[in-house]
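S.K.: Protein chains in written order, with my numbering: chain E, 1470 to 1795; chain D, 243 to 598.
There's no promise every hint is true.
Said to hold, decoys possible - Derived, one-sided and incomplete: chain D residues facing chain E with beta-carbon distance under 10 Å:
id: 1; residue: T408
id: 2; residue: A444
id: 3; residue: G501
id: 4; residue: H503
id: 5; residue: R511
id: 6; residue: A580
id: 7; residue: L586
id: 8; residue: Q589
id: 9; residue: E592
Said to hold, decoys possible - Which stretches of chain E does chain D cover? Using the computed rule of at least three CB atoms under 8 Å from a CB of chain D, they are:
id: 10; region: 1514–1527
id: 11; region: 1591–1603
id: 12; region: 1698–1712
id: 13; region: 1769–1782
Since the hints were derived computationally from the structure, they do not count as laboratory data. Keep in mind the model is a prediction, meaning the values are calculated, not measured. Glycine included, each C-beta is placed from N, C-alpha and C at the ideal position.
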Amino acid sequence: MTERTLVQAVNAAMARAMAEDPAVLVVGEDVGTDGGVFRATEGLLGRFGPQRVIDTPLAEAGIAGLAVGLAAQGFRPVAEIQFTGFIYAALDQVVNHAARLRTRTRGRLTCPLVIRAPTGGGVRAPEHHSESPEAMFAHIPGLRVVVASSPARAFGLLLAAIRDPDPVLFLEPTRLYRAVREEVPDDAPPLPLDRAFVLREGTDATLVAWGGMVPEALAAAEALEKEDVSCEVIDLATLKPLDEETILASVARTGRLVVVQEAPLTAGFGAEVAARVAERGLMSLRAPVRRVTGWDTVMPLLRLEQRYIPSAARIAAAVRDAMAFA
Amino acid sequence: METVVARFEIRHRRHLGPDGVPAGDLPAFARDPAELVALYRGMVRTRAFDQKAVALQRTGRLGTYASSLGQEAVAVGLAAAMRPDDVFVPAFREHGAQLWRGVTMRELLLYWGGDERGSNFAGPRQDFPVNVPVGSQAPHAAGVALAMRLHGEDRAVVCAFGDGATSKGDVAEALVFAGVWSLPVVFVVNNNQWAISVPRRAQTAAETLAQKAIAAGIPGMQVDGNDVIAVRDAVAEALARARSGGGATVVEAVTYRLGDHTTADDARRYRDDAEVSPHWREEPLPRLRTYLTSLGAWTKAQEDALLAQCRAEVDQAEADYLATPPQDLASIFDHTFAVLPAELARQKAEATGDEP
Ligand SMILES: Cc1ncc(C[n+]2csc(CCOP(=O)(O)OP(=O)(O)O)c2C)c(N)n1
Ligand SMILES: [Mg+2]
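Work out the full structure: start from the sequences and follow the hints.
M.R.: Now the structure itself:
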């Protein structure tokens, strides 16, 4: 038995990848001696040494650009951005370089790198530590976007992300870092980077969620079961590329879609999911698509953050609405 | 053939060493004991505030907090050098400067307690709020300084950031702007020698942080950041130059972070007592107290009275903070735009529908 929390699973996936492939490096602020502010890189310095676990100066644009250079030379850097709000400084390097070096050089130079970053709120963190920026990254051609939501899936997805030949943004919900433990063996296989996970089968409504919203969606489904409403819950996990087929097949069975995201409503990734279903699954819908999201406001500081983050109750209410429609 | 085309040196200024004995003549302001007592009070008050904030965090009544223990002279010294109508652009560890300039303890506690109203302080109204994305405030300081220039004012800006921040592009860019346009801004580097677990030597191979100024074409100097007299003196000198059109300066204040990075950090993971303890002998409070005592300007009774006064002030601030009624959820919508768009008004109605 190897029970792990999500952050321990992330750690184990990096350790496994580093043990298997000497090209894998870990870079970032405080990833060495400190083991990362969330302890995601704990023990890696001791095990793999300072040549492979590298504390960088405090510079996110530099970290992302450094990873591009390392990757172009055949390394597989796993770069940690310490907190969600500081990933924006790295955006230039991700958009203009990591995500398009392959295209620009027609495959001559490539970027097999992973940028790991915490995401989401709910842990009483300081300002700029609680945002959910996934949609901005999903908009970038050439970048894969993965959001973890359980220890086992985090392990398999991160392992796959590190082995993938292209750049991957790997988001880890801080709220789930230590929320649950799950059996995650050291030799668990990588998981596909283009497949959503059906976590619960149901017949009345499809709940699509990712990251920190997955446990909320499951809790809503649990509550609705007592009202004889049967929900299918899908963890999207890989936002890009998006597993349209799993969503469409589910909606074809249930006829109702509720998309849940912690990020603000407008131009969030939920809009993409809704649009795909509108394009290819409209005829299966028996009710309008609902989105349960954060508000179009700045993420509040800790006192009000719980009122911002979508709750199981809000999700359940949206499902009831959809049920009432027809 | 090669010739030398540029040379530079970085000077280090100290007036009062750890033993509390002045090294040479003190600057004019420091010959008035009342001025020194005010600086001492400012530092003691800051330390009292830090202690209270940490205690509140430990008991779940404050969010993550960054103590300024041991670095009080940087914040108090720079603030004492400023005029009230100057603008301060802080990082997140200059509580002493914010308090000196009139932000209240209750307001600071609100901010660190996760309530945005703490950044809407009653005064000084033009100062920037605490800045968390490291270094990103430095270009704002250049912008504020350019605005002052465009307005033809003799005001100036002081911008603070840490040793870690000097690695950020934002800081390099701000220095470049300030240099090419000779802007009225003083960049104060709180070099507390650590950026979380990363020591100063791992941030840059340069010998000093002050010399980052040289590449931007502006003067840079180092001061003993535990000597409040030197900090105030150097920043005042830089501000005088800035006001008279002489442009920007970098003042690197060398101090030490005696505590954890924040309440979320455990510094024992990456540095041991042997590294920390010598720095307790250098910290800013005792040296000034020793000097004031030697002047006959400070007594045990005054010390006790000051400590009691600070305790009473922080206790009162705690009570006021805890008694502040919470913001309602509407507040997160109401300040998003000058005028609430109809669409956001709908979201607000949905969000607040269940409010009493
Ligand atoms: C851009 C950015 N990256 C990372 C962080 C996380 N973080 C907060 S403080 C800090 C270290 C800052 O070091 P320094 O500039 O020396 O200031 P100090 O904390 O020592 O006062 C880090 C890495 C941040 N707040 N902003
Ligand atoms: Mg520092």
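S.K.: Hints first: check each against the structure and report whether it holds.
M.R.: Going through the hints against the structure:
The criterion of a C-beta within 10 Å of any C-beta in chain E is met by D/T408, whose closest approach is roughly 8 Å, and the hint holds. The closest approach between the C-beta of D/A444 and any C-beta of chain E is roughly 6 Å, which is under the 10 Å cut-off, so the hint is satisfied. Checking D/G501 against chain E: minimum C-beta separation of about 16 Å lies over 10 Å; hint violated. Because the beta carbon of D/H503 sits about 9 Å from the nearest beta carbon in chain E, less than 10 Å, this interface hint is met.
Look at D/R511: its Cβ gets to within about 6 Å of chain E, closer than 10 Å, so that hint holds up. Hint status for D/A580: violated, given a least beta-carbon distance of 14 Å to chain E, over 10 Å. Because the closest C-beta pair between D/L586 and chain E is about 6 Å apart, less than 10 Å, the hint holds. Checking D/Q589 against chain E: minimum C-beta separation of about 5 Å stays under 10 Å; hint holds.
Satisfaction of the interface hint for D/E592 is found here, the shortest Cβ-Cβ separation to chain E being roughly 9 Å, below the 10 Å cut-off. Proximity of the region 1514–1527 of chain E to chain D, defined as three or more residues with a beta carbon under 8 Å from a beta carbon of that chain, is established by the 3 residues found. Figure legend: the region 1591–1603 of chain E, annotated as covered by chain D; annotation consistent (6 residues with Cβ-Cβ distances under 8 Å, at least 3 required). Given a C-beta distance limit of less than 8 Å, the hint that chain D covers the region 1698–1712 of chain E is violated, as 0 residues qualify and 3 are needed.
Note: the region 1769–1782 of chain E has 8 residues with beta-carbon separation from chain D under 8 Å; the three-residue rule is met and the coverage holds.
Violated hints, listed in ascending order, are 3, 6 and 12; each of the other numbered hints is respected by the structure.
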